[in-house]
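J.: Generate the whole structure from the sequences, applying the supplied hints.
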Amino acid sequence: MTTAATHKNGGMTKDLIVFVCILALAGLQFVIAYQNITASEMLVRMLSVAVIEAALAVLFFMHLAENRGLLWFVGIFTVFVLLALQYGWTDSFRVLDGVKWSK
Amino acid sequence: MSQADLSIHGQVSRTSATEIMTAPTFSVAAKKMAMWLFIIADTATFAGCLVAYGFIRNATPDWPRPFHSISNVAVMTLVLLTSSLTMLFAERHAWMGDKAKAFRWTMITAVCGIMFAALHLREWMGMIREGATLFHNPWGTPLFSSLFFSITGLHLLHVTGGVVALIAVGLRYQGGRYNADDLEITGLYWHFVDLVWMFVVPLVYLLNLSH
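In order, the protein sequence lines correspond to chains H and Y. Residue 73 in my numbering sits at position 58 of the first sequence, with consecutive numbering throughout. Residue 11 in my numbering sits at position 3 of the second sequence, with consecutive numbering throughout.
Rather than coming from a laboratory, the hints here were simulated on the basis of the structure. These figures come from a predicted structure and were not determined experimentally. Careful: at least some of the hints might be erroneous.
Label-pair distances were calculated between CB atoms; the ranges are [unchecked claim]:
#1 Y/Arg-73 <-> H/Trp-87: 35 to 45 Å
#2 Y/Ala-38 <-> H/Asn-51: 44 to 54 Å
#3 H/Leu-74 <-> Y/Arg-130: 25 to 35 Å
#4 H/Val-110 <-> Y/Arg-180: 47 to 57 Å
#5 H/Val-110 <-> Y/Ala-42: 33 to 43 Å
#6 H/Ile-52 <-> Y/Val-83: 19 to 29 Å
#7 Y/Asp-50 <-> H/Ile-32: 26 to 36 Å
#8 H/Ile-32 <-> Y/Gly-105: 18 to 28 Å
#9 H/Ser-63 <-> Y/Arg-130: 23 to 33 Å
#10 H/Gln-101 <-> Y/Ala-38: 25 to 35 Å
#11 Y/Lys-39 <-> H/Glu-56: 38 to 48 Å
#12 H/Ser-63 <-> Y/Leu-179: 38 to 48 Å
#13 Y/Pro-69 <-> H/Gly-42: 27 to 37 Å
Listed below are several chain Y residues computed to face chain H (Cβ distance under 10 Å; list not exhaustive) [stated by the list, open to error]:
#14 Arg-65
#15 Trp-71
#16 Phe-97
#17 Arg-100
In silico DSS-like cross-links for lysine-lysine, where the CA-CA straight-line distance does not exceed 27 Å [as the list claims (entries may be wrong)]:
#18 Y/Lys-39 <-> Y/Lys-109
#19 Y/Lys-40 <-> Y/Lys-107
#20 H/Lys-29 <-> Y/Lys-109
#21 Y/Lys-40 <-> H/Lys-29
#22 Y/Lys-40 <-> Y/Lys-109
#23 Y/Lys-39 <-> Y/Lys-107
#24 Y/Lys-107 <-> H/Lys-29
A virtual CB, placed ideally from N, CA and C, is assigned to each residue, including glycine.
T.: Take a look at the structure:
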């Protein structure tokens, strides 16, 4: 199997490059925090950056890039859970604004 | 030992039933798979907390934005991200068979974890001095403090557990009772703790920054 051999021998340069990328993305989140934009725009931008950061960490720090089978297994479960958790958002707007058609 | 006949691409080979039963799923050792299953479950836990936080924040009209400075959280982020790199170095050295360096980098990672926890507690103390507690918030809705302390507290608990695990596994690795795989599995957990922080920072801190 090439996976073990690949990451067992060296690879510290790759680790450093990924680390710098993640650090830069984390810095970008702090820059976004000081932008003069609406909270929803800020949320979308910050979450987009966080997702890229997380993807880099999962693929390279947690070595999922080297195991496609496990990547699919983890990916499908995680995406399913994250999507399932989104069902309540409309209700949070109802709490805030009331039921529009009852007004 | 019982034998089973297997036909692979037209060729018949005799493989022991034990080998089939113990063949690792996705070419991953059982203990590593167990850690991945734990990480998936913990992802659901943190995602649930963060989505609940988002729901309440969205549904509360006058949500407070009490953070004036991001210097402390920036240093905390830097320390935690650096600890992931040092953990990777520990894993690399362990795979290369350099036990002394692997142990040293593991302990450096643990020190980074302790630094992160200390910075976190310092920030908590600052907020508590301003009157924020789990059930009271001087800046408005008490839900803010409850959620802030719950989410960051859950993460801090994970960091503390991770530091204990790093020290325990590092010492046992140095003593020869654990191997490079065990260090890598502990590393997986540590990277996960780092990954969660990537979402906690923007949602809990940066979106509540006063402009």
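J.: Please flag the earlier hints that this structure goes against, numbers listed from lowest up.
T.: none
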